[in-house]
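> Chains as they are written, first to last, in the working numbering: chain A, 244 to 661; chain B, 244 to 661.
Not one of these hints is a red herring.
Pairs count within a copy or across copies, as identical chains cannot be separated in the list.
Restricting the straight-line Cα-Cα distance to at most 30 Å, the calculated cross-link-like pairs of lysine-lysine (BS3-like) are:
(1) K531 x K603
(2) K531 x K491
(3) K276 x K655
(4) K491 x K525
(5) K477 x K648
Derived by calculation from the structure, the hints in this document are not laboratory data. Fair warning: this is a prediction, and the values are worked out from it, not measured in the lab.
2 protein chains.
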Amino acid sequence: MQNAIYAQSGGVTSVINASACGVITACLENSDKIGTLYAAENGILGVLHEQLIDISYESSADIAKLRHTPGGAFGSCRYKLKGLEQNRLEYERLIEIFRAYDIGYFFYNGGNDSADTCLKVSQIADELGYPIKAIHIPKTIDNDLVVTDNCPGFGSVAKYIATSICEAGFDLESMCLTSTKVFILEVMGRNAGWIAASSGLASSNESEAPHIILFPEIVFDEDLFITKVDTIVKMYGYCVITVSEGIKNKSGELISNSQQVTDDFGHKQLGGVAPIIADIVKRRLNLKYHWAVADYLQRSARHISSAIDVEQAYALGFTGVKLALIGHNAIMPYIKRISQEPYGWEIDYAPLTEIANKEKQMPRDFITQDGFHITNKCRDYLLPLIMGEDFPPFINGLPDYVRLKKHKVQPKLPAFGS
Amino acid sequence: MQNAIYAQSGGVTSVINASACGVITACLENSDKIGTLYAAENGILGVLHEQLIDISYESSADIAKLRHTPGGAFGSCRYKLKGLEQNRLEYERLIEIFRAYDIGYFFYNGGNDSADTCLKVSQIADELGYPIKAIHIPKTIDNDLVVTDNCPGFGSVAKYIATSICEAGFDLESMCLTSTKVFILEVMGRNAGWIAASSGLASSNESEAPHIILFPEIVFDEDLFITKVDTIVKMYGYCVITVSEGIKNKSGELISNSQQVTDDFGHKQLGGVAPIIADIVKRRLNLKYHWAVADYLQRSARHISSAIDVEQAYALGFTGVKLALIGHNAIMPYIKRISQEPYGWEIDYAPLTEIANKEKQMPRDFITQDGFHITNKCRDYLLPLIMGEDFPPFINGLPDYVRLKKHKVQPKLPAFGS
Numbered sequence: 244m245q246n247a248i249y250a251q252s253g254g255v256t257s258v259i260n261a262s263a264c265g266v267i268t269a270c271l272e273n274s275d276k277i278g279t280l281y282a283a284e285n286g287i288l289g290v291l292h293e294q295l296i297d298i299s300y301e302s303s304a305d306i307a308k309l310r311h312t313p314g315g316a317f318g319s320c321r322y323k324l325k326g327l328e329q330n331r332l333e334y335e336r337l338i339e340i341f342r343a344y345d346i347g348y349f350f351y352n353g354g355n356d357s358a359d360t361c362l363k364v365s366q367i368a369d370e371l372g373y374p375i376k377a378i379h380i381p382k383t384i385d386n387d388l389v390v391t392d393n394c395p396g397f398g399s400v401a402k403y404i405a406t407s408i409c410e411a412g413f414d415l416e417s418m419c420l421t422s423t424k425v426f427i428l429e430v431m432g433r434n435a436g437w438i439a440a441s442s443g444l445a446s447s448n449e450s451e452a453p454h455i456i457l458f459p460e461i462v463f464d465e466d467l468f469i470t471k472v473d474t475i476v477k478m479y480g481y482c483v484i485t486v487s488e489g490i491k492n493k494s495g496e497l498i499s500n501s502q503q504v505t506d507d508f509g510h511k512q513l514g515g516v517a518p519i520i521a522d523i524v525k526r527r528l529n530l531k532y533h534w535a536v537a538d539y540l541q542r543s544a545r546h547i548s549s550a551i552d553v554e555q556a557y558a559l560g561f562t563g564v565k566l567a568l569i570g571h572n573a574i575m576p577y578i579k580r581i582s583q584e585p586y587g588w589e590i591d592y593a594p595l596t597e598i599a600n601k602e603k604q605m606p607r608d609f610i611t612q613d614g615f616h617i618t619n620k621c622r623d624y625l626l627p628l629i630m631g632e633d634f635p636p637f638i639n640g641l642p643d644y645v646r647l648k649k650h651k652v653q654p655k656l657p658a659f660g661s
Numbered sequence: 244m245q246n247a248i249y250a251q252s253g254g255v256t257s258v259i260n261a262s263a264c265g266v267i268t269a270c271l272e273n274s275d276k277i278g279t280l281y282a283a284e285n286g287i288l289g290v291l292h293e294q295l296i297d298i299s300y301e302s303s304a305d306i307a308k309l310r311h312t313p314g315g316a317f318g319s320c321r322y323k324l325k326g327l328e329q330n331r332l333e334y335e336r337l338i339e340i341f342r343a344y345d346i347g348y349f350f351y352n353g354g355n356d357s358a359d360t361c362l363k364v365s366q367i368a369d370e371l372g373y374p375i376k377a378i379h380i381p382k383t384i385d386n387d388l389v390v391t392d393n394c395p396g397f398g399s400v401a402k403y404i405a406t407s408i409c410e411a412g413f414d415l416e417s418m419c420l421t422s423t424k425v426f427i428l429e430v431m432g433r434n435a436g437w438i439a440a441s442s443g444l445a446s447s448n449e450s451e452a453p454h455i456i457l458f459p460e461i462v463f464d465e466d467l468f469i470t471k472v473d474t475i476v477k478m479y480g481y482c483v484i485t486v487s488e489g490i491k492n493k494s495g496e497l498i499s500n501s502q503q504v505t506d507d508f509g510h511k512q513l514g515g516v517a518p519i520i521a522d523i524v525k526r527r528l529n530l531k532y533h534w535a536v537a538d539y540l541q542r543s544a545r546h547i548s549s550a551i552d553v554e555q556a557y558a559l560g561f562t563g564v565k566l567a568l569i570g571h572n573a574i575m576p577y578i579k580r581i582s583q584e585p586y587g588w589e590i591d592y593a594p595l596t597e598i599a600n601k602e603k604q605m606p607r608d609f610i611t612q613d614g615f616h617i618t619n620k621c622r623d624y625l626l627p628l629i630m631g632e633d634f635p636p637f638i639n640g641l642p643d644y645v646r647l648k649k650h651k652v653q654p655k656l657p658a659f660g661s
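Construct the entire structure; sequences and hints are all you get.
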């Protein structure tokens with residue numbers, strides 16, 4: 244009977260811990276097949292540096308709370324292993340750690356880069372004669388993994404953003420006669436407009452917020468944009484805009500960079516894209532504006548996570564363990580949409596070679612002809628992903644999120660690199 | 244039997260419609276004493292311009308939904324009536340409208356300025372020989388009305404901000420080893436730090452976010468601030484900061500203005516204070532940062548309103564009508580804290596002369612000696628105000644907020660100023 248390691252990687256989501264909860268629960272339920280489950284602290288770095296947490300010290304109540312706790316409970320990292328040729332030492336160290344702890348199963352919970360890491364770990368383990376089952380558990384708010392219908396973490400951001408823009412719309416609508424006429428919300432998404440698109444779910448007709456969505460997939464044309472804002476304000480009295488942080492001009496430069504200026508000391512002014520769009524609106528139309536930047540609030544807003552998202556995140560973790568136990572390796576369990584109305588899904592799996600280092604863009608037919616909103620096809624895709632509420636329990640007026648004990652195992656090996 | 248007018252004024256909150264629901268319900272329950280209830284569209288402007296909505300066209304289901312709908316259902320306005328001497332015409336017009344519609348009761352739902360308007364309306368009505376009962380229903384997220392223990396709207400913002408900063412803290416904590424080390428959330432509050440203070444509820448000890456709160460009441464000292472950030476990052480690996488939009492330097496200038504720069508075209512760069520604080524952190528400590536600006540999201544986030552806040556907002560509207568019916572005039576019903584543990588409150592009332600145009604600051608002993616956090620005394624005050632959840636119903640993954648029919652009454656008088 245061998246042991247297992249679980250690790251979290253890349254930007255966290257409000258439901259990555261639900262996947263952790265799924266992995267842990269499945270391991271505990273299969274204690275006749277898996278010995279000790281370790282969590283690596285701070286992703287793959289915790290494996291390299293032998294910073295391992297023994298899960299058995301956590302109470303079952305605390306493990307259950309992971310399902311409703313945002314952030315990465317074991318720490319995550321932005322650290323991409325180099326290619327095998329460039330850094331063979333790192334890969335050999337991983338296998339050394341696996342041997343020392345008799346690890347038979349490696350569950351890596353992350354996005355594109357992590358799928359690649361997981362694949363490489365599996366390959367080098369084979370090569371070095373210590374085969375393990377390496378399973379990638381998907382997560383990313385960017386919703387840009389291929390093969391899977393959607394990515395855990397995205398549905399909850401979508402629900403948060405759609406709810407927030409809906410609420411801001413009610414605010415603007417009531418104040419616009421004598422106050423703010425244009426409101427701009429900046430959302431995440433450098434290359435893919437999935438999150439910006441999700442805001443579109445809030446408007447059931449063109450009078451409702453958001454009136455304009457600016458996608459990274461569509462070249463930002465200031466004149467077209469200003470004409471649209473002007474029309475909307477004349478028609479409805481106000482205009483609510485969602486802007487993706489990644490919008491670009493026709494030369495492909497980020498708008499957030501294009502108007503950066505330096506202060507008297509030569510320091511770059513560090514702004515998002517929302518204030519730049521606000522500035523354009525003010526300059527060209529002289530309308531009163533307000534802007535907001537959701538930033539990390541959007542990806543950590545567990546208080547308004549989608550129930551479907553939580554369920555899927557948990558199921559992917561749980562199923563990942565089951566797949567390892569029946570002998571799968573170098574695969575990723577993923578979400579397959581099997582019906583639209585009513586929405587149905589199941590978990591399938593695919594080899595990591597089909598997934599690693601690839602990126603899924605928004606299809607052009609998910610964006611309206613004029614480039615400023617989502618189509619019904621996009622709505623049909625997005626809507627099931629925000630369905631259901633899974634509010635966390637509250638104590639003293641605030642969500643009852645858990646911090647684990649994180650009992651560290653005494654290292655057995657010399658420090659890495661020493 | 245006379246009729247009544249209800250109107251909303253100033254910046255909206257996520258619970259001002261709960262007060263509207265209270266006023267409407269009380270009027271309907273007393274239909275033997277109050278005839279028709281009109282809502283003025285866009286606050287006092289709707290009275291001046293005879294844009295009145297007949298509430299009797301709304302279904303009882305829709306009226307009930309007001310309790311959980313953000314924004315101002317009848318439209319609000321930023322419009323302060325001038326003094327009686329400067330603009331006698333406006334006051335005379337109001338009384339003319341009251342006469343035309345046989346108005347005996349005027350319910351005005353707003354903040355400081357609105358209390359003043361409500362008082363003046365009552366005075367001029369007496370003077371012009373058309374006495375009415377003018378009742379001010381309090382609301383303001385700024386929590387700066389005097390006499391009342393707290394203001395409807397504030398508790399919900401407090402719950403939203405404390406929840407959001409708690410969630411962002413979990414995010415940072417898991418990523419700080421290899422990614423963002425400093426996160427800054429900008430919140431509302433030009434003169435009073437009540438909202439910034441509420442974020443402090445999220446940290447039950449000094450290791451938890453927020454680690455630093457920047458209040459408008461405390462002069463911003465860059466060196467002290469940087470020393471504090473440095474210490475926190477060295478101790479915990481990351482630092483979460485709440486900054487009030489209204490922080491000032493020792494000359495009393497807003498920090499949000501102090502570093503504004505112009506671009507190549509001579510346009511002012513329009514930023515909040517969060518990016519400026521981020522810039523200082525980057526420049527002085529060279530730490531990776533992220534920042535967010537909640538802006539309108541915080542005052543419209545009905546999905547995470549505090550149950551106490553909703554209950555009090557409703558009760559103040561309801562009681563305002565009851566007080567008018569027993570003959571009160573030129574008063575404001577307010578919240579009186581009658582016990583701390585368990586928290587108990589009741590509604591009392593005070594003359595508007597004690598309330599209009601006054602502002603309640605944060606007491607200095609609510610802020611720690613070093614100026615960077617809240618004291619236990621502040622916690623004791625704030626905690627009851629965020630207690631309880633009052634989630635709205637959801638349909639298709641989003642809150643089921645209501646837009647009313649707003650049936651407009653055919654004007655009887657010539658247009659104002661014609």
